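J.: Protein sequence lines correspond, in order, to chains R and S. Its first residue numbered 1, the first sequence is counted upward by one per residue in my numbering. Its first residue numbered 1, the second sequence is counted upward by one per residue in my numbering.
Mixed in with the good hints, there may be bad ones.
[Said to hold, decoys possible] Computed Cβ-Cβ distance ranges for the label pairs, DEER-style: (1) Gly-248(S) with Gly-26(R): 17 to 27 Å; (2) Leu-39(R) with Gly-77(S): 30 to 40 Å; (3) Lys-35(S) with Gly-53(R): 20 to 30 Å; (4) Thr-157(R) with Ala-98(S): 30 to 40 Å; (5) Pro-63(R) with Asn-122(S): 44 to 54 Å; (6) Lys-215(R) with Gly-144(S): 24 to 34 Å; (7) Pro-212(R) with Ala-98(S): 21 to 31 Å; (8) Asp-168(S) with Glu-109(R): 19 to 29 Å; (9) Asp-232(S) with Gly-69(R): 26 to 36 Å; (10) Gly-93(R) with Lys-162(S): 18 to 28 Å; (11) Ile-33(S) with Met-121(R): 42 to 52 Å; (12) His-179(R) with Val-71(S): 47 to 57 Å.
Bear in mind the hints are in silico, worked out from the structure with no lab data behind them. Since the model is a prediction, treat every value here as computed from it, not as a measurement. Where a beta carbon is used, it is the ideal one built from N, C-alpha and C, also for glycine.
Residues per chain, in single letters:
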Amino acid sequence: MDAQTIIARRVARELRTGNLVNLGIGIPTLVANYVPPDLQVFFQSENGLIGTGPIPEQGMAHPLLTDAGGRPISALPGACTFDSAMSFGLIRGGHVDVTVLGGLQVDAEGHLANWMIPGKMVPGMGGAMDLVSGAKRVIVAMQHAAKGKSKIVSKCTLPLTSARPVTLVVTDMAVIGFHGGKATLLETAPGVGVAEVLAVTEAELVIPDTVPEMKL
Amino acid sequence: MTLDADQSDAAIRREHPVPVTPAIKRLMTGVPIMKAISLEEAVAMVPAKASVMVGGFMGVGTPERLLDEVVRQQKKGLALISNDAATPGKGVGKLFDAVLVSHLTASHIGLNPKAQQQMLTNQIAVDLIPQGTLVERIRAGGCGLGGVLTPTGVGTTVAEGKRQIEIDGKTFLLETALRAQFAFVHAFLADYLGNLAYALTARNFNPIMAMAADTVIVTAEHIVPVGVIAPDHVVTPAPLVDYLIANG
């Protein structure tokens, strides 16, 4: 199983029936592919839709029905549309149960940096700051390391997305929580040992007595 | 005291006569009240360096024909307010292709390399604002509010230079209201009065911006008789619309 699939499958297990869920661009988008069929989850697209469905069949796309990246999507039965004030009212107002976002860095206290690299990449924060500030649970889905460098750092060196810590980080190697304000190793990926995780993690991790293997 | 229904109705009519003005008579007989104007006329009203809000999200729900005409008439130095910079050739992206923007207020420009390049070479000044804050600032501008208090951005670079206000132990940023001289709005349906309804994800910033500009100019995919949009389905009420662009 490749890194992205491990991350997406593990994140999908965090979703519960009735949840309103917002998925970011990249690995987070893949999560929708692994939601168990008996689970009734509402996906929000922040450009104004609850009930986001899969990419339409060839020739069936509508130019006025897209995801937040402008790509064609479909709408499931029971879907509803709304304006951007409503959309971000849902997000900031705590009505979104789970948001899944990509990350550049997460630090030992659970702070996320995911919107810019000064001097290199300044795309703008889009909806990320509102999502991290307002969603009930914030899950970061990202690779554990990039070019051999840990993305779980002691302290974020990139500009923060929010002062509010995230709930969970799911990587291709581990699940890390921040209960009590300290990065805690909750699970390891199949075939990955605790020592292996520690070897590629810059941040100090709390290691409980037992660290179970991720269920995928 | 009780009255039977007829007496009550007659009494109310005597006390509160409903004026039937020529305009209401025209409306009742289906004669259009709002005259659609040409793109050329509408855009000619926009001076160079105007502040303009443009609806749409990554070019979806953007009044493309108005932007094409802005490019044709070469309206330079615009202060643009829009969610994003779209992509080259699409939506507000066309304004960056033609280098007509001098100031941009948006939440995301990452998918338009031209806008990024113009920012990095200081051809345009850019205010990047969290999307929820951007839409609330516009909403405040349209609703007579001085601003809004939001938790978004507290403890980040977004908070720099802004007033922070603590309410019940929670910190908020004071984000001020945003208005513009013009709003370019795209609707799915517009009726002869100017009532608007939107489709699917093309609604986004459009109805919010229709509240927040001195002059509101609308393109619609379909212009329909009054009554086709049911009262419950009107999203933007007609009095907010100043000009409707003729179709066809």
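J.: Now tell me if each hint is right for this structure.
T.: Here's how the hints hold up against the structure:
1. The hinted window of 17 to 27 Å between Gly-248(S) and Gly-26(R) is violated, with their beta carbons roughly 42 Å apart.
2. Separation of Leu-39(R) from Gly-77(S) is about 52 Å and departs from the stated range, judged on CB atoms against 30 to 40 Å.
3. The hint said 20 to 30 Å for the Cβ distance between Lys-35(S) and Gly-53(R), and at roughly 41 Å that hint is violated.
4. As the Cβ distance of Thr-157(R) to Ala-98(S) is approximately 38 Å, the hint placing it in 30 to 40 Å holds.
5. At roughly 34 Å, the beta carbons of Pro-63(R) and Asn-122(S) sit outside the given window of 44 to 54 Å.
6. Our hint of 24 to 34 Å for Lys-215(R) and Gly-144(S) is violated, since their Cβ atoms are close to 53 Å apart.
7. Distance hint for Pro-212(R) and Ala-98(S): a CB-CB separation of about 58 Å, inconsistent with the stated range 21 to 31 Å.
8. Taking the beta carbon of each, Asp-168(S) and Glu-109(R) are about 24 Å apart, inside 19 to 29 Å as hinted.
9. At about 32 Å, the beta-carbon gap between Asp-232(S) and Gly-69(R) stays in the expected band of 26 to 36 Å.
10. One distance hint, 18 to 28 Å for the beta-carbon pair Gly-93(R) and Lys-162(S), holds here, with the actual separation near 21 Å.
11. Remark: the range hint 42 to 52 Å for Ile-33(S) to Met-121(R) is upheld by a beta-carbon distance near 50 Å.
12. A hinted range of 47 to 57 Å for the beta carbons of His-179(R) and Val-71(S) is consistent with their spacing of about 54 Å.
Figure legend: structure checked against the earlier numbered hints; hints not met, in rising order: 1, 2, 3, 5, 6 and 7.
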